[in-house]
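These two chains come separately, so use the hints to put the complex back together.
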Amino acid sequence: MQNTMQDNRERNPAIRARGLSKIYREGATELRALSDVSLNIHPGQLTLLMGPSGSGKTTLLSILGCILRATEGRLELLGEEVTALPERELPRVRREAIGFVFQGFNLFPALTAAENVALALDVRGVRGEPARKRAEELLLEVGLGERMHAFPADLSGGQKQRVAIARALASNPPILLADEPTAALDSTSGRTVIELLQRLAHQHGRAVVMVTHDPRVLSYGDRILHLEDGRLSREESGRPVNANLPAVLSAAATLQFSENNSAEF
Amino acid sequence: MALLARRNLFHDRIRFAVTLTGIVFALVLIIVQFGLFLGFTTTTSNNVDHSKADLWVVFHGVGYFDTGRMFSERKYYEVLATPGVQQAEKYIQNFAYWKKPDGGVENVQVIGFHAGSGLGEPWNIAQGSVYDVKQEDGVIVDELYREKLGVSKIGDHVEIGDHRARVVGFTHGIRSFTTSPFVYTSFKNALNYTRPEAKQDQLTYILIKVSPGFTPAQVQRNLQERVTDVEVYTRDEFSQRTRFYWMFTTGAGLAVLTAALMGLVVGIAVVAQTIYAATMDHIREYGTLKAMGATNRYLYRVLIEQAVWSAALGYGLALVIAHFIVQSSEKGGALILMPLSMKIGMLFLSVLMCIAAAMVSINKVTKLDPAMVFKG
Chain P
416 MQNTMQDNRE RNPAIRARGL SKIYREGATE LRALSDVSLN IHPGQLTLLM
466 GPSGSGKTTL LSILGCILRA TEGRLELLGE EVTALPEREL PRVRREAIGF
516 VFQGFNLFPA LTAAENVALA LDVRGVRGEP ARKRAEELLL EVGLGERMHA
566 FPADLSGGQK QRVAIARALA SNPPILLADE PTAALDSTSG RTVIELLQRL
616 AHQHGRAVVM VTHDPRVLSY GDRILHLEDG RLSREESGRP VNANLPAVLS
666 AAATLQFSEN NSAEF
Chain B
642 MALLARRNLF HDRIRFAVTL TGIVFALVLI IVQFGLFLGF TTTTSNNVDH
692 SKADLWVVFH GVGYFDTGRM FSERKYYEVL ATPGVQQAEK YIQNFAYWKK
742 PDGGVENVQV IGFHAGSGLG EPWNIAQGSV YDVKQEDGVI VDELYREKLG
792 VSKIGDHVEI GDHRARVVGF THGIRSFTTS PFVYTSFKNA LNYTRPEAKQ
842 DQLTYILIKV SPGFTPAQVQ RNLQERVTDV EVYTRDEFSQ RTRFYWMFTT
892 GAGLAVLTAA LMGLVVGIAV VAQTIYAATM DHIREYGTLK AMGATNRYLY
942 RVLIEQAVWS AALGYGLALV IAHFIVQSSE KGGALILMPL SMKIGMLFLS
992 VLMCIAAAMV SINKVTKLDP AMVFKG
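Read top to bottom, the protein sequences are chains P and B. Mapping of the first sequence onto the working numbering: residues 416 to 680, in sequence order. Mapping of the second sequence onto the working numbering: residues 642 to 1017, in sequence order.
No wet-lab data here; the hints were simulated from the structure. Any given hint might turn out to be false.
Said to hold, decoys possible - Pair by pair, the computed Cβ-Cβ distance ranges are:
# : chain 1 : residue 1 : chain 2 : residue 2 : range
1 : B       : A900      : P       : T486      : 39 to 47 Å
2 : P       : E552      : B       : H652      : 21 to 29 Å
3 : P       : G442      : B       : R942      : 35 to 43 Å
4 : P       : R503      : B       : T891      : 54 to 62 Å
Unchecked claim - Facing chain B, according to a computed beta carbon distance under 10 Å, are these residues of chain P, among others:
#  : residue
5  : C481
6  : P501
7  : R503
8  : L505
9  : A525
10 : L534
11 : A535
12 : V538
13 : R649
Note that CB positions come from ideal geometry on N, CA and C, so glycine has one too.
Next comes chain B alone, as it looks inside the complex (with noise of 0.2 Å):
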């Protein structure tokens, strides 16, 4: 049956070919689009997953990260006063205005953090370093912003809320999914911009490193029960939290999900109708084994072994070519993700997928209809 199930699969090239671009075209479909949902997720969350800090505190109400709110100087204090605590580091996100230097604006998200503390700092640096933001009006931007914020090189000036900036560093793959790329800088350039004459509400967020000994939640317990007018929340709380806002409560996060969903359901049409069709143009040929006294658990083993042949030759296919797809989204504005928990998962949903399909099918063949092998 072996024999069967891979000659009648690969007798007919042309009809293999129809075949597995089908399941290819599906799998990459399916692939892309949950690629870009995870892409989205792991965007809107990015700087809180490699902030590095064991918790975060923010402001009484704020739920998630692009729009905190700030507060005073004093908690940061009182945090650092709490059990626990073996390192706070003040942060700053703000939006504000940056003037290219052909006069152009845009706007951007300041990052204000402690360079060399470790917390909230920008990863992935590909030119300058992290402590070269300590360097007065020192700003780091992403490879992919160039064109947008008008800079190619480190050095070139700009401004910010009408404050000198220099360029001093790029990082690679930090992707904002608002409009607004990240400008990392220190804590006091970022207030500087931000909100040049505050005296008070100085920084939006307090990254802290719990000490050896200490769980996240129980020094997150302690911050709670002495810090007033703030939310403590872990990394992962924290992270999930901002997810979850953009995914669920906007239109660009519902849009995407949808996309998502859609991929999946006409991904599965599209591997069902495909195999379907294969399947059913050897219909006959089922009838005939059928006739011969084939049991149905022999055709279920035909039927799965060729399945199961279309779904690892389209997988594999489909993974060259998502994997182009995804290293080309790498230079482009929506970052389209493929890990290994996907591919795994993708596999899977493959073997399914083509087994499920081509069991529909074999219906046919067991509700045997006699004329059909009898007949020229």
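Pulled out of the complex, with its shape left as it was, chain P reads as follows (with noise of 0.2 Å):
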């Protein structure tokens, strides 16, 4: 069971790239952020990305989420390349594929937690009653039921990176990219959203990319990649993967994606 779980996963990653390179420009100098990194991102898994400050994690993740384009190099998300896609094409990727989560938040103040959560569904152009009963939905899933028309400005951190990832599942992406969402929080808060995190890779099958600098979180990894110099310089196992994952959610979900989109990819 568990190697046929294993062998599915490396068929077919969420995300697979492939030498991917970035060198930044400004008039004859070049800084460059990442070299040759290639890696495999699984469904179902909650993959870590660390690294020492200045060592490519956020390009790397900006990169995979399709806001920055890679210099050299490959990208797949899902199964389809990204790479050659035009730029107009790249916020449709975005839209169904990846969920964002901010270290930040990046809530908007002036919404409450309920039309936060509703606006990324309007982006998609669902709007009304569908966008206000699916964004109660998801707030109650991450527990702020109670606090669903709240401002952004009376709510704790934790609540507040609650809300950003309730945000980020609005369309239910099979990719969620979280830049250092434990940062900002006490440990408490830290511990509720990274296993919030956890769970949505292990429960519901989703590929979790987290960039972090939290020893406290290293424990709820499946992987640990380590970037140093804009290169991935080792990879750890973080601890097992639960035994009790179904493997089927896993693919389900990845194939339940790639048939509603299969225009689009």
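In structure tokens, the structure reads:
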């Protein structure tokens, strides 16, 4: 069973990157932020991306999230190569495949928690009652049923990050990219958030990538990728993937997305 | 997106008040400067515009109203005999000294017309009647100049060009853009005040009403062919020539025009800066939207909706403030006009300025820097 699940993941990674490099140019000056990074990110796993400041973590996350283009290399999301897609196609890829969670939450201060989540659906063309219901469901799922109508200014850091996660899940994306989501949180809130991210990977079959410096979260990662000077220096296995994880769920989530988006990808 | 646009504007009320203040200031500035410009141009030609004459006959070489040159009365009869002329009236415009009851002296522009003719008469009569100028030495002046001319009521006596004059009426809102107020009186009185010894060259203009079945252009041609040493202009032509002269060949006109253009430039700059700052305050949020997969079109629509809201509210407030300024200007020396066409034009300008300013700032969002959204 375990071997079958492993094989399935290896065959169908949510993200497949080969030889990614990123060079920033300013005048005659060149800064190589990433060098020849190759990796697979699998559904149902929480992958931690670690490294010192300036090692290229955020650049890599930006490239994986189709916000930034690699200078060289090839990137596939859910089996579709996105490297060659024209610029105008990338917002659609982000809308349909990826959810983002930011260190600074990036919530809209003028909108309530529910409206923040609904906004992510509005961007995807879902409005009115369906958007409101879906936003409420997601906030209930992240344990914020009581704070739906609170503005971000009235929420704690942990609550804000849970709203941000609910927002990232609005379109049910198979891939979740999180940039130091626990960095600004106390230990209790940080634990709540990392457990939530882990649950989203293990129980919902999402491929979750989390950039972190936070040693408190190491034990939650299924894989830990270390980045140094723009290169992947080593990979560690985190704690074993929950043996009860139904491989079918993981595969089904990927399959469902692929079917829904077959026209676009 | 409509919700986001409105909430972004109204959520932080202090910031919104600052934004609105900038827009209102800019719009009021533009309205007042252009209102002054319009007031100035309108004032320069107001006697021509209100003359009800189809045609103006002027001495050869006279290009604008205020410096009319006297010419022979014979021309008047030649004009009367021209086909298509239904009515012709003699008209005088000349400068004279006005001696106030307290002894002070002012320069005035005396306008002599034929009371009851319907041509070249003063308008907006507030007190008295236009026929009262038929009384010997009867004159009508504007209420605005009571203090300047040292008169306060009907019956006050003054001297014009060493001849006795008596105030028989007041008009309302007839300004002179020069320092010399208009004094309306009968043609005969005007001749006494300005050229008492003249035996020839007794009129400055001939005002014409054309006969039914003739167009002003036809009669204009007839007059040009039959009457020598004069120019014939339609009312609009003479009005435009007068406005053009004062606007573009004098320092006063250029100063008003420059001020209006500067008001427009400064106004646009203030609106651009205000909207740009308001957009940049939310730049991180727009970056987040972009990261979430919002298209540029989606962002444009949010920004345009915000800009339209800002423009509409700023315009409404600016209009109210400008209305009070325009009202108060009616009692002052400088006329500020705000016609309907200007109000409509300002509405479009407001929306256009706000949208354009928002579009400039959106470039920052469309060229998204990922570090901006990923860093706390």
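May I ask which of the numbered hints given earlier this structure violates, with the numbers listed in increasing order?
Failing hints, ascending: 1, 6, 13.
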